[in-house]
Amino acid sequence: MNTKLLEPCCEQCWHSPEKPCHEFISCLAIGPLCHTNDACTTLRQARVAALRGQSVLPKPRIYIGAGTCGLGAGAGKTKKKIEAYLKQHQLDVELIETGCIGLCTAEPIVDVHLPGRTRVSFQKVTEKSVDALLDQVLGQGSIDECRDTVIAQHPARDNETAWDVPFFTEHPFFKLQTRWVLENCGVINPSSLEEYIAAGGYAALEKALRSSKPADLCAEVEKSGLRGRGGGGFPTGKKWQFAHKIESDQKYLVCNADEGDPGAFMDRAVIEGDPHKLLEGMIIAAYAIGASKAYVYIRAEYPLAIAHLKEAIAQAKSYSLLGENILGSGFSLDIRIKHGAGAFVCGEETALLHSIEGKRGMPRSRPPYPAVSGLFGKPTVINNVETLANIPKIIQNGADWFAAVGTQGSKGTKVFALSGKIKNTGLVEVKMGITLRQIVFDIGGGIINDKKYKAVQIGGPSGGCIPESELDINIDYESLKTLGAMMGSGGLVVMDENTCMVDVAKFFMDFIQRESCGKCIPCREGTKYMLHILTMITEHAAGKNDISALQRFNGVMQLEQLAQVIKDTSLCGLGQTAPNPILSTLRWFRHEYEQHIFENTCAAKVCKNFITYEIDAETCIGCTLCARNCPVEAIKGAPKSPHYILSDVCIRCGLCVSTCRVGAVKVK
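Numbering-wise, the sequence shown is residues 1 to 668 according to this note's numbering.
In case anyone wonders, no lab produced these hints; they're calculated from the structure.
Check the hints yourself; a few may be wrong.
Unchecked claim - Simulated crosslink set (DSS-like; lysine-lysine; CA at most 30 Å straight-line):
no. : residue 1 : residue 2
1   : K293      : K310
2   : K605      : K451
3   : K452      : K605
4   : K245      : K359
5   : K423      : K80
6   : K338      : K245
7   : K317      : K293
8   : K666      : K421
9   : K378      : K223
10  : K128      : K421
11  : K378      : K213
12  : K519      : K481
13  : K223      : K519
14  : K359      : K310
15  : K451      : K124
16  : K310      : K77
17  : K293      : K207
18  : K421      : K605
19  : K423      : K605
20  : K310      : K80
21  : K80       : K124
22  : K608      : K666
23  : K238      : K378
24  : K519      : K567
25  : K421      : K431
26  : K175      : K481
27  : K77       : K128
28  : K213      : K223
29  : K207      : K124
30  : K378      : K207
31  : K423      : K128
32  : K293      : K238
33  : K608      : K528
34  : K668      : K636
35  : K317      : K245
Please read these numbers as outputs of a predicted model, since none were measured by experiment.
With these hints in hand, go ahead and build the complete structure from the sequences.
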């Protein structure tokens, strides 16, 4: 890291050449100067301007979104091509990696920032399109011939002029967003402490350590109305106060970054794109509850996030923002990283604590709650990534500022991961109270290929489905419960008309059953039997071990009764919410269950035992391609003559549909 901008102005500024004084952040970026002589003032102000990019850039900059989603889309190859281009043309251009800005469907994303001009983002910049883009923007200083790849331009700063393209605040994907947690993601270099400080980072930490007592911080967070963003929605301030009030020789703070829900990637993106924000929130939280040790429990499947977090911890320690005597306050904190092994149950807080202790990740009975007796038997507060990432802005701007946004019982913003059958997949942050319709159609752009919306699965395996009739519901903790769903960690999986809701219920039940820790009988055996019933409903085929419709309908009745027993008697929250996907699909899509049971049909043509394949004799050209690819030789016919399918031999693999070049194979 280039540390020139962080060097002392004079001998008075730091207590020693190695450690900054307790006024470090104020001196560098935000508040009043600790020394007021003219030389120091002028130099510091120049440094702040340089850090914030408010002065004219000395040379062009190229930013590339290099989060996991960007790398998956080919950003690594794009970066190598950009490096080769700059070397070939002998251009002095700074190349910077950022995290994901949220619009994952547009990856790889490349930004170009020319001196005196605003920063412009371009979408789907592959290695093949790099030369044409850079020839235009760097070579000619124009974007006329590449406007079709422009996403938007960033806000203009001092001494900058705007391009003739929309700003990000006008882009449909970003227009309705309120980016507090995600404000730096995709914008700053996550490996640069300088850029985070220039964006206002660690100012809240300094304010907390210099101006607030721990009890005041707990009260401020409670007043803000911040609730746990990991799924339960428990008031964060109350949890902090429980731990703060308990006398103990040792307390712990644990960040739960074990993101196990299918379709969820919020925590990963925050840590990859803005790791210092998480660290700042953790340090403030630890100071508030009196913890001197903290853990980040993160999935080992997130190597990039782990690498950025380790780098941020090392940087923070090197400038007395973490470790011993933070900013000269007398408060010390040690943060360690614990790798999770991918067990879904470890998202449950007591199972997570057992895993950190080196035990098998299994929940335990409560009380006592972790705030009283948690990690190693000591008072422990467990918050997830998004919860902690909200803390710096709450402390910096005040509880009233945060509470002014949202609904009566759900304050602030919420980050959602949009995936599934939606045009604009990615990460969004919106005010609590926004409607689901706005998220799916205004921000998400609607359904792929303009097909009909069927449902959204919200809250992951513990959540529920929301049908079209409820699209105008306001997204908050209380409203979702009325529909049999829950906020969860923030996964939003969109489904279209070609989705079978019975199959969806079976998918989530299969996931839950496999991930059950097996400690309590209701969850272990109950989910297994519910999966058996769903399998029986979706895989029945007439003539093959025929089971009467009455028996299968009785299975649905047992599902509802069994679900209630599991909810009432399971040990942990994961078991108690396990039946939610089944209950919500039964509530809103019962007719699909009835179709499977009584009519032996799957309207979405997903459950293969309820569908048949036929070849249209008028369309078939007799190319034999389908017959040659059929794994069981169920397709017969002479070359250049119409073919036909032996239905009793067909295994419904669908290869004939995908290989037919003229669309002659029909699904019935």
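Tested hints:
1. K293 to K310: The hint holds at about 16 Å.
2. K605 to K451: holds, 15 Å
3. K452 to K605: holds, 15 Å
4. K245 to K359: Answer holds: K245 to K359 is near 28 Å, not above 30 Å.
5. K423 to K80: Roughly 29 Å separates the two Cα atoms, so the pair holds.
6. K338 to K245: holds, 27 Å
7. K317 to K293: holds, 14 Å
8. K666 to K421: Satisfied, since the Cα-Cα distance of roughly 23 Å is no more than 30 Å.
9. K378 to K223: Distance of about 26 Å is within 30 Å: holds.
10. K128 to K421: It holds: about 28 Å lies between the C-alpha atoms, which stays within 30 Å.
11. K378 to K213: Distance of about 22 Å is within 30 Å: holds.
12. K519 to K481: holds, 27 Å
13. K223 to K519: violated, 38 Å
14. K359 to K310: holds, 24 Å
15. K451 to K124: holds, 24 Å
16. K310 to K77: Holds - the C-alpha atoms of K77 and K310 are around 25 Å apart, at most 30 Å.
17. K293 to K207: holds, 21 Å
18. K421 to K605: Between K421 and K605 the Cα gap is close to 16 Å, so the pair holds against 30 Å.
19. K423 to K605: Holds, at roughly 22 Å.
20. K310 to K80: holds, 25 Å
21. K80 to K124: The hint holds at about 15 Å.
22. K608 to K666: holds, 13 Å
23. K238 to K378: Between K238 and K378 the Cα gap is close to 18 Å, so the pair holds against 30 Å.
24. K519 to K567: With a Cα-Cα distance of about 15 Å, the restraint between K519 and K567 holds, given a limit of 30 Å.
25. K421 to K431: holds, 23 Å
26. K175 to K481: With a Cα-Cα distance of about 28 Å, the restraint between K175 and K481 holds, given a limit of 30 Å.
27. K77 to K128: holds, 10 Å
28. K213 to K223: holds, 15 Å
29. K207 to K124: Distance ~41 Å between K207 and K124 Cα, so the pair is violated.
30. K378 to K207: holds, 28 Å
31. K423 to K128: With a Cα-Cα distance of about 24 Å, the restraint between K423 and K128 holds, given a limit of 30 Å.
32. K293 to K238: holds, 20 Å
33. K608 to K528: Cα-Cα ~22 Å, so holds.
34. K668 to K636: Holds, because 19 Å separates the two Cα atoms, which is no more than 30 Å.
35. K317 to K245: With a Cα-Cα distance of about 28 Å, the restraint between K317 and K245 holds, given a limit of 30 Å.
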